[in-house]
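Trainee: Once you have looked at the hints, place chain B on chain A.
Chains A and B supply the protein sequences, listed in that same order.
FYI, the numbering for the first sequence is 1 to 210, going by our numbering.
FYI, the numbering for the second sequence is 1001 to 1334, going by our numbering.
Be aware that one or more of the hints could be misleading.
[Claimed, not checked] For the chain A half of the interface with chain B, some residues (derived, Cβ under 10 Å), not all of them: (1) Cys110; (2) Phe122; (3) Thr161; (4) Gly164; (5) Pro182; (6) Gln187.
Everything labelled a hint here was simulated from the structure, so no lab data went into it.
For every residue, glycine included, the Cβ atom is placed at its ideal position computed from N, Cα and C.
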Amino acid sequence: MLANYLEIHPFSGLIECVPAYTNVTVYYQPFVIYESFKQKSDNLSPFQIVKSLLKEVIEQLEEGKSTNNRVAEIPVCYGGEYGPDLEEVAKHNQLSVEQVIDIHSGGEYCVYMIGFAPGFPFLGGMSEKIATPRRSTPRQLIPSGSVGIAGVQTGVYPIVTPGGWQLIGQTPLELFLPEKNPPSLLQAGDIVKFVPISKREFLHQKEENI
Amino acid sequence: MTITVVSSGMLSSIQDLGRNGFQKHGVIVSGAMDTYSLRIANLIVGNKEGEAGLEITLLGPTLTFEKDALIAITGGDLSPEIEGKQVPLWRPVLVKKGSVLRFGKIKSGCRAYLTIAGGFAIPKVMNSKSTYLRAGLGGYHGRALKAGDRIETNSMSHYSSNLFNKLKNNEPSPSFITTSWYVDFHKFINFSNNNSVRVLKGSHFSKCSASSQTTFFTSTYIVTPQSDRMGYRLSGPKLKLDEKFELLSEAVTVGTIQLPPDGQPIILMADRQTTGGYPKIAHVISVDLSLIGQMKPGGEICFQEITLEEAEALFIEREQWMGELKKSLQMKMN
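Here chain A stands alone, though its shape is the one from the complex:
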């Protein structure tokens, strides 16, 4: 909420805000703050000026509540070549592969923040029944679109990166679109649902992206 407010009503010297699970980080240019307030403020430092600005905003905000969460459906082709660790996740939790898919695609996930890689959503709300520790040796290259599990977290890799998550499937959707504004398909606050698709549907949708 604070991040949204500042985006619409930026103060002079604000660079950007990054929302996370329980806080918002505000980046600002101290010299711009210093220059624009040097006549007005009684020897306050740039940090003190920003702090009091933010305090005012937060007090105003307290009344409203964030309401309009977007719902995003992410199609996923589970298992096989797209989810090489699906069986490992099933074995670890003494479940069948089908049960893992049902549990993973049956949940609703909240996007707490975007970080780690461009467009990478940190999702909350995965069932502990399918929680699996990270792989002991990270993979050198994880294909973009891979859906993974690490502990009680689940997420989607938007770009090719190294990583240690257990890969259970892949989405044909592109989560990072550098030429679009915003460049990330998902935003903090969105609700995500995973929808199982077949390999055929996966390939068909992948082709449509080109």
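Mentor: Then chain B, alone, in the frame of chain A:
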């Protein structure tokens, strides 16, 4: 004007002051590791201080210039030379058409910055020309330079043209012409590999054990060879937490010092991820970031605590100095 890359060097990439405003989408900031030297290199050739330059790491490239070009090289001294003649740093240099610029021995620092009057003609991606190596975007085709690349430049500003013409009318020289004046950079940076670095305590500093809190400020930490544009991995006396605690990932910034489970601190630099889940034990003050960006593996760092007010006062002092520098350079070019 076109610059042709004859050989690439170790890691030469286009960087400006970073891709700000997209961190909430997970897009890293990137940008120059030593923004101080890049900003000055731009001002010297009459560019805006935030224009993109070429960041050259340790072993420099070989470049040829298709036409006469006004350039500046700042930062670490990587022995630039044209036709066997040493090219002076921190001043404008008019490179003659067809000249070959080479780099040699590493005399000081880790990164040199080359700017050209007018700037590189490279499209901005998300408001920046910086190269985001891992995502393959920005800069020159999203990657470091390779042999055979040809980089175009934009037309010069009014200030650049004046300086260009002044230098051109000087006595004839076979390969390059420079000025007698130069920028004295010493006030806010040095290129030693052994530095006292000023920090603010981070929000998790108090979670370190009492003895680790003392160790951090009394020991020498070595820059390891695993250090890169993403972060400087240090090695030294192991730092311990009083007790383990779960930390949810949250935003980090350039200069944040993280403490991973192995107890060896990491200073986050230009290509840091936007968020991190390790305890944040300290933050390098903005004025000292360029100093770190110029340190090589094997370098020694001692941390010194200062207050936020002191850090802000230093920052304001440096920015005022930059403002004065800009004015005096523009006067020379008018």
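Trainee: Evaluate each hint against the coordinates.
Mentor: For each hint, the structure was consulted:
no. : hint   : in the structure
1   : Cys110 : violated, 13 Å
2   : Phe122 : holds, 6 Å
3   : Thr161 : holds, 7 Å
4   : Gly164 : violated, 13 Å
5   : Pro182 : holds, 6 Å
6   : Gln187 : holds, 8 Å
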